[in-house]
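**Student:** These protein sequence lines are chains A and B, in that order.
Using this note's numbering, read the first sequence as starting at 1 and increasing by one per residue.
Using this note's numbering, read the second sequence as starting at 1 and increasing by one per residue.
Simulated from the structure, these hints should not be mistaken for laboratory data.
For glycine and all other residues, C-beta sits at the position ideal for the given N, C-alpha and C.
Fair warning: there could be bad hints in the mix.
Here are the simulated EDC-like pairs of lysine to aspartate or glutamate, each with C-alpha atoms no more than 16 Å apart in a straight line [said to hold, decoys possible]:
| # | chain 1 | residue 1 | chain 2 | residue 2 |
| --- | --- | --- | --- | --- |
| 1 | A | LYS76 | B | ASP319 |
| 2 | B | LYS101 | B | ASP70 |
| 3 | A | LYS105 | A | GLU121 |
| 4 | B | LYS105 | B | GLU121 |
| 5 | B | LYS76 | A | ASP319 |
| 6 | A | LYS101 | A | GLU121 |
So, partial list: chain B residues that the calculated Cβ filter (under 8 Å) puts toward chain A [said to hold, decoys possible]:
| # | residue |
| --- | --- |
| 7 | GLY38 |
| 8 | THR39 |
| 9 | ILE71 |
| 10 | PHE81 |
| 11 | MET82 |
| 12 | HIS83 |
| 13 | GLN85 |
| 14 | SER338 |
| 15 | ILE349 |
| 16 | LEU350 |
| 17 | SER352 |
| 18 | ARG353 |
There are 2 protein chains.
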Amino acid sequence: MRPTLRILATEGAARLGQLTTTHGLVETPAFMPVGTYGTVKAMSPEELEGLGAQIILGNTFHLMLRPGPDIVAAHKGLHGFMHWQHPVLTDSGGFQVFSLKSLRKITEEGVRFRSPINGSEVRLTPEDSMDVQLKLRSDIAMALDDCTPYPATEAQARESMERSMRWAERSYRRYYGQSGLESRTGGDAANTGQRVEDLPSGPPGGLFGIVQGGMHGALRLASLEALLRFDFPGLAVGGLAVGEPEEERLRILETVVPHMPADRPRYLMGVGRPEDIVAAVLRGIDMFDCVMPTRHARNGHLFTATGVINIRNSVHEADLGPIDPACTCYTCRHFSRSYLRHLDRCNEILGSRLNTLHNLHFYLELMRTLRTAIGEGRLASWARGYLALRWEERRRSGRGGEAAGEGRADGE
Amino acid sequence: MRPTLRILATEGAARLGQLTTTHGLVETPAFMPVGTYGTVKAMSPEELEGLGAQIILGNTFHLMLRPGPDIVAAHKGLHGFMHWQHPVLTDSGGFQVFSLKSLRKITEEGVRFRSPINGSEVRLTPEDSMDVQLKLRSDIAMALDDCTPYPATEAQARESMERSMRWAERSYRRYYGQSGLESRTGGDAANTGQRVEDLPSGPPGGLFGIVQGGMHGALRLASLEALLRFDFPGLAVGGLAVGEPEEERLRILETVVPHMPADRPRYLMGVGRPEDIVAAVLRGIDMFDCVMPTRHARNGHLFTATGVINIRNSVHEADLGPIDPACTCYTCRHFSRSYLRHLDRCNEILGSRLNTLHNLHFYLELMRTLRTAIGEGRLASWARGYLALRWEERRRSGRGGEAAGEGRADGE
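One chain only, chain A, in its complex shape (with noise of 0.2 Å):
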């Protein structure tokens, strides 16, 4: 089904909302937990439940290549292949692919890489992550784009951003079957292993766009009127937490949000940083993914209400208290820093599980909180003691200058 958001209340340009998709309800803003390899690193699916997770991220370039989609849609999509009864949204793979730099050549067609597991040449065009999706049955589906790498010269950003409204376009043909039954069975077919009579009636989610023009407002209007030529259900803001400084995001954000559909879900890629998705709501963002929690969970940093603490730091050692004595879930509510430093120093199994429950509830949490204030109407004062307070813990510990795009990545 065609994916809706019915907004129930507004502040400013941050909207509250309800996004219905096949496997159900979303609330709006939502952060999104990636699942590169059809799961979310050391979580089980009852967990991300428990956690209050609604929708998480499947990466379509790594699922391409391992298990292949074919497995996956032999599961009746990734729902049945990983057991989540949820939303799924999947990437388009573009993001991936760029990140491969010199092991992949980019034409109009698409392109072609070598894959990181084989060294085997694969193709990706439009047509081949729309294959590759529809098999995955995801809940939402993102058009292939060119990824504008930053910095670049309006020239170049130029001529990225018309590739992928090109490729937005084939994406969107593809995608509903508009090109007709006859090109499914051309040379693109043969690529993905793809055969008619595998393709499902109709599509089992919807497609969302994706504005880009790196940091030129005047391309990034030009893409979002490119996209708005077709009925994409939802858009998306690709292209940043790519390395740029924060005021330029936010410039973009401010120049291209305004612009976009009030009545469809907005999704900002890759953000970002607890900070940065209170900054990208306030101007109107509904939809958030990003590795940030479950990676740092892996390498022991951990999100508290007053900044990010390495648990490997000896300082932890022998401190009995939780991670955060204001945190709820279960990883606080039962174990010691200085257990959980243990386990990362034994390099248990454990302690990235535990790590990983406590900083996905701390990003859920945060979407949770900024619901309700917005229902509220409070989200500007709530969000102005937030990140003043997050600012100062940045200046304190000295990483204000962190990239926000550490957290987008190249899957997980």
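Since chain A is already given, all that's left is putting chain B on it; use the hints.
**Tutor:** For chain B alone, coordinates are given in the frame of chain A:
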């Protein structure tokens, strides 16, 4: 409190019982999952409870090196440290020290070895082992023993056994405080960081003695006789599952077990494969531990009613069925072999979790089956069919010669 065994039913030498400890009841025959570093690898305490684990094992050797006994003591022992409310048995560290081979030196005093963590010299005497186990506050502690290698001549086995018996006496006196306060403040204290005021007023549980003597029946009986001069509340058979043929192990059990006091729990250390456990229960053993289910799980070896499968095998690539259609565990109810193989290939933590859940379920379900069979007086007939099937399977898969000792390991 003193661990006490209540026998509910017997069938031949096999016993159905209830072991009462400081932290509650354990139904016997019991299998103890191994939690080397204060965590049964990949499992949460609640998952262990859900699987029906009633007692787990902690490794003194590992915990004294990381995080050190004082850190655990500050959490009021292993239970508080790892958030496990049920009984815990700790080994003495002896087996692990002996596995170090060239890195250790045995004297009458005890063992000195190089820490595999940081190379520093560490001493482990019977007194040290008791002091550490008292700090871990286990429900059941084990005497420090000299684990006789296999094979050993009668003279070697006798010397080793007699040392173990002298160490058992020293362990007993230290654990139960019969050596008086004075010796507790001696040189030993410096080694373990032990201070008199740290010691609890009475032992938190009970100390088991360990029968040694290699493959020499007369030495085994002499060892048992030596232990019975003290009031150990339970007795273990050690020095098995060290590479000896199955027939030798069963012969030793058949020699020793009939002479062990009927009212005390009998623990066969480090055993073993499912068929080894069945064979030992038939001969009157009540307690087992082995890393096999957990370690096998992380290597993709999964137990089924018809033998062990290797989930890495490509035959499982597109297999939509569960590991074992007869299994009722969480993993088998929700995930395909295809998905588990995929998680293993991608080195995903969830793969280790799901595999471990399944293998531990298999072992704990086996113990439930054994207990029910004894209670209903049909163990012998059930075991006959079971062992025949297992032997048939091993012959078929060519693993007939696999050593039972594979599961006896230097911690996990």
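**Student:** Does each hint hold? Answer for all of them.
**Tutor:** Outcome of the hint check:
no. : hint                  : verdict
1   : LYS76/A <-> ASP319/B  : holds, 13 Å
2   : LYS101/B <-> ASP70/B  : violated, 27 Å
3   : LYS105/A <-> GLU121/A : holds, 11 Å
4   : LYS105/B <-> GLU121/B : holds, 11 Å
5   : LYS76/B <-> ASP319/A  : holds, 13 Å
6   : LYS101/A <-> GLU121/A : holds, 15 Å
7   : GLY38                 : holds, 7 Å
8   : THR39                 : holds, 4 Å
9   : ILE71                 : holds, 6 Å
10  : PHE81                 : holds, 6 Å
11  : MET82                 : holds, 7 Å
12  : HIS83                 : holds, 4 Å
13  : GLN85                 : violated, 11 Å
14  : SER338                : holds, 6 Å
15  : ILE349                : holds, 4 Å
16  : LEU350                : holds, 4 Å
17  : SER352                : holds, 6 Å
18  : ARG353                : holds, 7 Å
In this structure, the earlier hints numbered 2, 13 are contradicted, and the remaining ones agree with it.
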